[in-house]
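Please arrange chain X with the ligands on chain Y, whose structure you already have, making use of the hints.
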Amino acid sequence: MRVVYILWLREVKKYLRSRTQIVASLGSPIMYLGVLGFGLGPVFQRAGEGSYLQFMAPGVIGMTVLFSSMFGGIALLWDRQFGFLKETLVAPVPRLWIMAGRTLGGATVATFQGLLIFAVSLVAGFRPVSVWALPAALGVLVLTAVVFAALGTAIGSTLKDMQGFQLVMNFMVMPIFFLSGALYPLANLPKALAVLTRVDPLTYGVDGVRGALSGITHFGISWDFGALAFVAVLLLGVGAWRFSKIEI
Amino acid sequence: MIKVENLVKRFGELTAVDDVSFEVRRGEVFAFLGPNGAGKTTTIKMLTTLLRPTSGRVELDGLDPVAKRDEVRKRFGVVFQDPSLDQELTAWENMEIHGVLYGVPRKVRRERAEELLKLFELWERRDALVKTFSGGMRRRLEIARGLLHTPKVLFLDEPTLGLDPQSRNQMWTHVKKLNVSDQVTVFLTTHYMDEAERVADRISVIDHGRIVATGSPAELKERTQTDSLEGAFLALTGTTIRDETAGSADAMRQMARMWSGRQK
Ligand SMILES: Nc1ncnc2c1ncn2[C@@H]1O[C@H](COP(=O)(O)OP(=O)(O)O)[C@@H](O)[C@H]1O
Ligand SMILES: [Mg+2]
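Protein sequences, first through last, are from chains Y and X.
When you read off a place in the first sequence, starting at 1, and then add 855, the result is the number in the numbering used here.
When you read off a place in the second sequence, starting at 1, and then add 102, the result is the number in the numbering used here.
Worth flagging that the hints you see were computed from the coordinates, not collected in a lab.
There's no promise every hint is true.
Label-pair distances were calculated between CB atoms; the ranges are [stated by the list, open to error]:
(1) Y/Pro1030 to X/Lys233: 42 to 48 Å
(2) X/Lys209 to Y/Ile877: 47 to 53 Å
(3) Y/Leu993 to X/Asp120: 57 to 63 Å
(4) X/Glu213 to Y/Lys1100: 35 to 41 Å
(5) X/Glu213 to Y/Gly1019: 40 to 46 Å
(6) Y/Val867 to X/Arg112: 39 to 45 Å
To give an idea of the interface, some chain X residues facing chain Y are shown, with a C-beta separation under 7 Å as derived from the structure [unchecked claim]:
(7) Thr150
(8) Phe182
(9) Ser186
(10) Asp188
(11) Ile199
Just so it is clear, CB atoms sit at the ideal spot from N, CA and C, and this is done for glycine as well.
Okay, chain Y solo, but in the shape it has when bound:
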């Protein structure tokens, strides 16, 4: 347990130390909030869907968690060849503990990042429907972070080089974001798109946070919770398995 804790602490410490990186990583979410939030606002309103900012702020929070947790996991690829990972992999402890410490640390950092964007969206004018909704939103956020940190670990353990990293960014992370309904409502989508959005785990993360904070939900929060918990367990299993297969 001490091993899991110290590796978790390592991730959190490093995060808190990297001030410039934190600021930099907030750039694109803020741009989405500002430009899309205010730019598409009038159209959205005219379509009778209410305030776009209320609608998309949870989506941008979800996006932040997605990027942050996936990056944390994929950074493993880096660490594996030229960093600290080797030191942990020759230690006399089960790999599962190492994977758990790392992944939970990454998920914690991603949750922080999500909360930070939540704070930014409050400044931009976003208003949660009630204070009571906050714990539910936090719960969904944590689960979402675990899902993608585990997925990132699985990918980071599997990739061989940096070209693979580009591929994952373009053909995995971006589609996960765009298919999640972070930016548009899930109702009345074309059939193919509707199917794709439903297999995207981020869809449930965004829908859950939106349900809690804005009172707009497509599936219902408990369904979102269930779906995320299921995928989290599944991906933690896959991540642990891929991690156990790393050769250095």
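Positioned in the frame of chain Y, the structure of chain X with the ligands alone reads:
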């Protein structure tokens, strides 16, 4: 302390380690000397439980690294060819994490970390981030860290690569000191002849995955009728230049260098 018999490692078609046998005695400093791609790192990886041998027998302190993995891991410390410190953490934090990973009790861990950091002249800089350290300091920290759990064997894979003569000299002085005071067996690889000659009790010259000669520096010189270890080495391995195959690891190494340059 280490016993290797008919060890073979194949990567697909390539035989990286080809029927290697040698023995390292307790308390000895033993060097693997060989050109790039000779199979030094691959051998170390098999001895340190990171790779499974294709065939052959390995024993470390009487234990098989495949069957008794965690027991074996507690018995050695290792400094890899590529750095494995966490640069975003301090020297002290790197030591702490290592101690926890190896289950060293807190009190012992702190005392021994202090002792080792002082020995390797890093104590004043213990709270500085590793990324602010010079190459020599990083290498010293890695050695100090590898010794924290009082291992019986210390593996050093090209520990002085890229260091200036002063740092190299200082590092070997410390290693030699520990070898004598704590009776730590040292297994090192290098392609600097002068180093091998200075610190090693015995040397195996390895080339194309095969051991071509084993003996003390004096014996090797005598056997090849040469008057320097460099002469002996060239007589044993020939004078053709080996290009290390530029695999994906090399490409990443290049990028890693670029990155660490940018961070400074
Ligand atoms: N994981 C691997 N897959 C394929 N080939 C490898 C791998 N690791 C090492 N090799 C090859 O095995 C040979 C020996 O490499 P290595 O043990 O690193 O040599 P040295 O450390 O003596 O320079 C080289 O030809 C190298 O390219
Ligand atoms: Mg090598």
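We went through each hint and held it up to the structure:
At about 35 Å, the CB distance of proline 1030 of chain Y to lysine 233 of chain X disagrees with the hint of 42 to 48 Å. About 36 Å separates the C-beta atoms of lysine 209 of chain X and isoleucine 877 of chain Y, a value inconsistent with the hinted range of 47 to 53 Å. In this structure, leucine 993 of chain Y and aspartate 120 of chain X meet the distance hint of 57 to 63 Å, their C-beta atoms being roughly 58 Å apart. Between glutamate 213 of chain X and lysine 1100 of chain Y the beta carbons are some 38 Å apart, a value that agrees with the proposed interval 35 to 41 Å.
A C-beta distance of roughly 44 Å is found between glutamate 213 of chain X and glycine 1019 of chain Y, which places it inside the suggested range of 40 to 46 Å. Checking the proposed 39 to 45 Å range against valine 867 of chain Y and arginine 112 of chain X shows it holds: the Cβ atoms sit about 42 Å from each other. Nearest Cβ of chain Y to the Cβ of threonine 150 of chain X: about 6 Å, under the 7 Å cut. The hint holds. With its C-beta approaching chain Y no nearer than about 6 Å, phenylalanine 182 of chain X sits inside the 7 Å limit, and its interface hint holds.
About 4 Å separates the beta-carbon of serine 186 of chain X from the nearest beta-carbon of chain Y, less than 7 Å, and the hint is met. For the restraint placing aspartate 188 of chain X at the interface with chain Y, the shortest Cβ-Cβ distance is roughly 4 Å, inside the 7 Å limit, so the hint holds. Below 7 Å, beta-carbon pairs count as interface contacts, and isoleucine 199 of chain X has one with chain Y at about 6 Å; its hint therefore holds.
Against the hints set out earlier in the document, violations occur for numbers 1, 2.
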